[in-house]
Structures are given as C-alpha cells and as structure tokens.
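> Sequence:
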Amino acid sequence: MSERAEILGVQVDIVTMAQAIERVENLIRAKKNSLVATANAEMIMRATKDEELKKILNAADLVVPDGAGTVWAANHLGYEMPERVAGFDLVQELMRISPAKKFKIFLFGSAPGVADKAKAKAEELYPGIKIVGTRNGFFSPEDEPEIIAQIKKSRPHILLAALGVPKQEKWLAAHKDELKIPVSIGVGGTFDVMAGVMKRAPLWMQKAKLEWLFRGLMQPSRAGRLLALPKFVLKVHASKK
Numbered sequence: 000m001s002e003r004a005e006i007l008g009v010q011v012d013i014v015t016m017a018q019a020i021e022r023v024e025n026l027i028r029a030k031k032n033s034l035v036a037t038a039n040a041e042m043i044m045r046a047t048k049d050e051e052l053k054k055i056l057n058a059a060d061l062v063v064p065d066g067a068g069t070v071w072a073a074n075h076l077g078y079e080m081p082e083r084v085a086g087f088d089l090v091q092e093l094m095r096i097s098p099a100k101k102f103k104i105f106l107f108g109s110a111p112g113v114a115d116k117a118k119a120k121a122e123e124l125y126p127g128i129k130i131v132g133t134r135n136g137f138f139s140p141e142d143e144p145e146i147i148a149q150i151k152k153s154r155p156h157i158l159l160a161a162l163g164v165p166k167q168e169k170w171l172a173a174h175k176d177e178l179k180i181p182v183s184i185g186v187g188g189t190f191d192v193m194a195g196v197m198k199r200a201p202l203w204m205q206k207a208k209l210e211w212l213f214r215g216l217m218q219p220s221r222a223g224r225l226l227a228l229p230k231f232v233l234k235v236h237a238s239k240k
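In terms of numbering that gives the first Met the number 0, the sequence shown opens at residue 0 and continues consecutively.
The hints are simulated quantities; they were obtained by calculation from the structure and are not laboratory data.
It cannot be assumed that every hint is accurate.
[Claimed, not checked] Straight-line alpha carbon distances no greater than 25 Å define the calculated SDA-like cross-link-like pairs of lysine to any residue that follow: (1) 169 - 32; (2) 169 - 137; (3) 179 - 136; (4) 116 - 195; (5) 129 - 141; (6) 169 - 144; (7) 30 - 45; (8) 116 - 98.
Based on the sequences and whatever the hints tell you, model everything.
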C-alpha cells in the first residue's frame with residue numbers, strides 16, 4: 000500500500016505511473032472487486048461538497064493524481080508527489096500491456112457509438128487486445144440489470160466507465176460487489192479522445208500544465224467548471240497548517 004496525501008479531505012495515492020500500473024496488476028491478480036479513481040482538482044473540489052463522493056474516493060483501492068492541480072496541491076501541503084498520473088495515460092498503458100498479460104477489458108459509457116470507435120482504435124494501437132464488450136452511457140435505472148448482466152457475462156478483468164464525475168464513481172461503487180470485476184476505473188472523457196470526438200491538449204500544453212485551459216477552450220460548456228481551479232488553489236492554500 001502506498002503512502003497517501005490528504006488534499007481537502009480526499010486521500011490521493013503518492014505514486015508514479017509505473018507504480019500505479021503495478022498496483023492495478025496486483026489488484027487484478029487479487030480478484031477483489033477493486034475501485035480505482037483518477038482525482039483531478041475538479042473532482043477533489045466536488046468531493047468537498049459531496050460527502051458520498053468523498054467517502055467513495057477514500058474507500059477506493061487506488062486514487063491516482065490525475066492533473067497538475069492535484070500534484071501541485073500535494074507538494075504545496077508538504078507531500079512529495081512525484082508526477083501526474085493522468086487517467087487517459089493510465090488507460091493507454093493498461094491497454095498496451097493487456098495483450099501480453101491477457102487482460103480482458105469492457106468499455107462502458109460515452110455517447111452511442113463512441114465506445115465502439117474507442118474499441119476500434121484500441122485494437123489498431125494495441126494488436127491482440129481483448130475488448131470483450133462495449134455499452135454506451137445512455138441508460139435509465141430500468142436498463143441497469145441488463146447492463147450489469149452484459150458486463151458480468153463478458154467477464155472482464157478491467158471495467159472502464161466513462162459516465163462523467165461523479166456518476167461513474169457512484170455507479171461503480173454501488174454495483175461493485177454485484178459486478179465482481181477485479182478492477183473498475185472511472186475514466187471521464189477517455190473514450191471521446193480515443194474515438195476522435197474530443198481532442199486532447201497538445202503535448203506542449205500538457206507539459207506546461209495547461210491541459211485544463213485547453214479543455215475549457217475546446218468545450219465552452221466547461222468554462223464555468225474551470226472556475227473550480229482558482230477556488231481549489233485558494234482552498235488548498237487556506238487548508239495548509
């Protein structure tokens with residue numbers, strides 16, 4: 000178990016990408032219905048007002064520092080957070096190793112057709128990968144038994160859920176024991192990027208820690224959510240002992 004940094008009441012694992020991948024592999028071997036979360040500043044800010052989300056994150060088996068804001072906050076609060084472990088990159092790395100490790104993956108979420116395009120992209124990028132099923136993220140409570148049955152029947156090692164925060168975390172936590180999947184991960188817009196529906200920030204912006212700004216410029220509907228970042232900085236600073 001890695002050391003954790005507490006950021007505004009949310010416990011985030013102090014891990015590198017390599018350590019996160021190793022942890023996920025160990026969780027798959029342990030077969031114990033694990034939940035992995037990718038905590039960026041926006042998610043942590045949301046958890047300060049959403050007690051259910053905070054409890055889910057603090058009970059998760061692995062919470063990676065997804066975003067420059069999370070890394071900054073941990074370091075500002077006196078922890079040594081080595082690097083950002085972006086959810087998108089974590090998924091790509093897991094997909095890359097899956098053919099050799101014989102891990103099976105299920106893609107659940109995003110708009111109709113997007114998970115299928117992400118599956119096609121994964122099969123192109125990672126020859127031999129076994130994506131054992133896809134299901135879009137548009138459903139009503141009445142559809143849930145059928146979705147759960149479909150996922151269970153495909154017996155994946157990894158369930159990737161792209162339902163948005165906090166819906167994906169709450170859905171996975173609610174159905175974790177019923178699904179009996181070794182590792183479930185909430186992956187936000189990962190399928191959209193893989194399918195080419197949404198662009199990812201250019202590498203220079205990622206390196207300059209400006210990925211959040213790029214997302215705001217590309218999706219004006221997110222502009223209001225970007226205000227969470229300066230609020231996050233102020234709140235973290237105020238919480239510093």
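> For each hint, tell me whether it holds in the structure or not.
For each hint, the structure was consulted:
A hinted pair counts as satisfied when its Cα atoms are at most 25 Å apart, and residue 169 with residue 32 qualifies at roughly 15 Å. At most 25 Å may separate the alpha-carbon atoms for a hinted pair to count; residue 169 and residue 137 meet this at roughly 16 Å. Pair hint residue 179 plus residue 136 holds up; C-alpha atoms about 20 Å apart against a cutoff of 25 Å. The straight-line distance between the Cα atoms of residue 116 and residue 195 is roughly 8 Å, inside the 25 Å bound, and the hint therefore holds.
With a C-alpha separation of about 29 Å, the suggested pairing of residue 129 with residue 141 is violated against the 25 Å cut-off. Only pairs whose Cα atoms come within 25 Å are accepted, and residue 169 paired with residue 144 is accepted, the gap being roughly 16 Å. Under the criterion of a C-alpha separation no larger than 25 Å, the hint pairing residue 30 with residue 45 is inconsistent with the structure, at around 30 Å. Our distance criterion of 25 Å between C-alpha atoms is met by residue 116 and residue 98, whose separation comes to about 19 Å.
This entry does not satisfy hints 5, 7, going by the numbered hints stated previously.
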